[in-house]
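S.K.: So the chains spell out like this:
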Amino acid sequence: MDIIKEISKNLESGNTGEVVKLTEKAISDHIDVKIILNEGLIGGMSIVGERFKNHEIFLPDVLLAAKAMNAAMDILKPLLIKGDVPGLGKVVIGTVQGDLHDIGKNLVAILLKGAGFEVIDLGKDVAPEKFLDVAESENAEVVGMSALLTTTMPVMKTVIERAKARGFFGKKKFIIGGAPLSADYAREIGADAYCYDGMNAVDTVKQLLKVG
Amino acid sequence: MIALLDRIKQPRVILADGAMGTILMQRGLKQGEPPEKMNLEKPEILEEVAREYLDAGAEIIQTNTFGASPLKLAFFGLSDKTEEINKRAVQIVKKAVGNRAYVSGSCGPSGKLLQPYGDVSENEMIDSFQRQLKILIDEGVDIICIETMTDLREAVLAVCTAKSISQSVPVCVSMTFDSTPRGFFTIMGVSIEQAVKGLTEAGADIIGTNCGNGIEKMVSIAREMRKLNSIPLIVQSNAGIPALKDGKLVYPESPEYMAKWIPELINIGVKIIGGCCGTTPAHITLFRKIVYEYYN
Numbered sequence: 001m002d003i004i005k006e007i008s009k010n011l012e013s014g015n016t017g018e019v020v021k022l023t024e025k026a027i028s029d030h031i032d033v034k035i036i037l038n039e040g041l042i043g044g045m046s047i048v049g050e051r052f053k054n055h056e057i058f059l060p061d062v063l064l065a066a067k068a069m070n071a072a073m074d075i076l077k078p079l080l081i082k083g084d085v086p087g088l089g090k091v092v093i094g095t096v097q098g099d100l101h102d103i104g105k106n107l108v109a110i111l112l113k114g115a116g117f118e119v120i121d122l123g124k125d126v127a128p129e130k131f132l133d134v135a136e137s138e139n140a141e142v143v144g145m146s147a148l149l150t151t152t153m154p155v156m157k158t159v160i161e162r163a164k165a166r167g168f169f170g171k172k173k174f175i176i177g178g179a180p181l182s183a184d185y186a187r188e189i190g191a192d193a194y195c196y197d198g199m200n201a202v203d204t205v206k207q208l209l210k211v212g
Numbered sequence: 001m002i003a004l005l006d007r008i009k010q011p012r013v014i015l016a017d018g019a020m021g022t023i024l025m026q027r028g029l030k031q032g033e034p035p036e037k038m039n040l041e042k043p044e045i046l047e048e049v050a051r052e053y054l055d056a057g058a059e060i061i062q063t064n065t066f067g068a069s070p071l072k073l074a075f076f077g078l079s080d081k082t083e084e085i086n087k088r089a090v091q092i093v094k095k096a097v098g099n100r101a102y103v104s105g106s107c108g109p110s111g112k113l114l115q116p117y118g119d120v121s122e123n124e125m126i127d128s129f130q131r132q133l134k135i136l137i138d139e140g141v142d143i144i145c146i147e148t149m150t151d152l153r154e155a156v157l158a159v160c161t162a163k164s165i166s167q168s169v170p171v172c173v174s175m176t177f178d179s180t181p182r183g184f185f186t187i188m189g190v191s192i193e194q195a196v197k198g199l200t201e202a203g204a205d206i207i208g209t210n211c212g213n214g215i216e217k218m219v220s221i222a223r224e225m226r227k228l229n230s231i232p233l234i235v236q237s238n239a240g241i242p243a244l245k246d247g248k249l250v251y252p253e254s255p256e257y258m259a260k261w262i263p264e265l266i267n268i269g270v271k272i273i274g275g276c277c278g279t280t281p282a283h284i285t286l287f288r289k290i291v292y293e294y295y296n
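As they're listed, the protein sequences go chains P and Z. Mapping the first sequence onto this note's numbering, position 150 (from 1) lands on 150, and the numbers just tick up by one. Mapping the second sequence onto this note's numbering, position 116 (from 1) lands on 116, and the numbers just tick up by one.
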């Protein structure tokens with residue numbers, strides 16, 4: 001089996017040690033880092049995402065694959081920056097202020113990274129200005145907001161209102177997700193899209209940025 | 001009152017109480033606040049809830065300790081209050097129900113994931129359960145109820161920890177399943193068959209399912225569980241899946257709708273029937289009536 005396929009297979013089964021070893025070997029074999037990234041890591045992660053969507057695998061499998069992906073990305077990142085490989089786009093993501101629920105948000109971050117986007121994860125309990133400050137300084141194209149609570153979801157509206165005040169609105173895309181949310185709520189607050197699950201978030205960001 | 005394990009051997013179904021968290025939200029608990037803090041700050045509300053479920057006809061009343069393991073309380077900076085919160089919770093229910101109902105010590109998930117997919121070791125998880133369960137048992141609960149579990153490993157650790165503290169206090173453990181096109185699985189990927197096997201082998205006295213579904217799906221889960229072995233079963237259904245109406249969570253299943261399914265649960269052989277999120281004393285009152293009619 002060729003080494004790229006091996007990376008993808010080991011990533012699927014969450015075998016961090018093997019993925020790291022194979023990634024290092026692929027680099028020393030002078031395989032193009034873009035191929036290692038796109039066909040090995042992202043290729044493996046997209047299979048993981050699909051299988052998760054189809055309920056063939058579950059949260060622990062995705063988390064293990066993500067750990068393997070992150071470990072390999074640590075090795076690839078310096079080479080990617082040096083080689084100036086353009087990413088698909090940059091997404092700033094977080095759970096809104098007052099809300100400590102981050103399982104869903106973490107999953108979306110994993111799947112977006114897995115799909116080849118650069119993800120800046122601000123964590124949970126993120127203040128409205130923080131989303132916008134980081135989106136501005138990092139020049140991110142997309143801001144993703146998550147909430148599990150009905151009491152915290154209005155923070156999303158605040159973020160969008162401040163984005164309007166700061167002149168971001170229309171320039172950056174705003175997506176929302178979380179149990180109490182809906183497409184109707186996204187329309188009501190002026191968000192660009194509501195994502196009903198992790199893979200839907202990946203598809204939505206691809207559509208919004210017209211990539212992939 | 002006879003010991004709960006003897007009561008379970010009697011043919012008649014046992015009625016447990018309904019929701020705690022969603023009831024507390026109706027009575028002033030703010031979303032995002034830990035319900036367990038009320039044990040220290042608003043004990044009178046918890047006493048009131050316990051009494052209402054007792055009056056509704058519940059034979060088992062739970063403590064407000066679902067999130068009172070130190071790992072979970074740490075999310076709110078309250079882990080140093082573990083002992084006090086759990087102790088107070090048992091005292092409150094005991095004060096409210098005396099010996100007219102069995103007191104069930106509730107224990108929910110730690111909120112953390114085990115290694116290797118998460119960052120908590122098995123020993124850390126055991127320590128956390130140990131701290132909570134020890135107090136509940138020392139304070140004299142009649143049963144430990146480990147609930148809303150999605151990771152079989154975590155559920156088994158909790159059961160074994162409870163059993164290591166006391167051989168005599170019965171342990172009930174229930175998991176939360178999602179309906180997928182491939183059948184029922186927890187979000188962590190545990191099938192009904194794996195759950196029944198793993199929890200029974202861990203030494204649980206009662207196993208079952210709570211939360212995550214409305215009553216119709218819970219009946220399907222109970223039916224599948226019953227086919228696998230003969231351990232006593234518990235079912236605590238949500239009043240459906242909540243929808244958002246005018247900014248408020250509304251649970252769609254009325255007492256009447258849910259009660260219609262009670263005879264079916266008894267026919268399947270479910271031993272303990274109660275309610276989870278969205279159920280109220282009104283649900284339990286009607287369940288009680290249906291149970292009475294079933295046997296008369």
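Don't take each hint at face value.
[To be verified] Computed footprint of chain Z on chain P; a stretch qualifies when at least three of its residues, placed anywhere within it, have a C-beta under 8 Å from a C-beta of chain Z: (1) 41–48; (2) 93–100; (3) 206–212.
[Unchecked claim] To give a feel for the contact side, a few chain Z residues facing chain P, derived at Cβ under 8 Å: (4) Ile187; (5) Ser191; (6) Val250.
These are computed hints drawn from the structure, not numbers from a lab. None of the values given here were measured: they were computed from a predicted structure. The beta-carbon is built from N, C-alpha and C at its ideal position, and this holds for glycine as well.
S.K.: So, for every hint listed, does it hold in this structure?
M.R.: Hints versus structure:
no.: 1; hint: 41–48; in the structure: violated (count 0)
no.: 2; hint: 93–100; in the structure: holds (count 3)
no.: 3; hint: 206–212; in the structure: violated (count 0)
no.: 4; hint: Ile187; in the structure: 5 Å, holds
no.: 5; hint: Ser191; in the structure: 10 Å, violated
no.: 6; hint: Val250; in the structure: 11 Å, violated
This entry does not satisfy hints 1, 3, 5, 6, going by the numbered hints stated previously.
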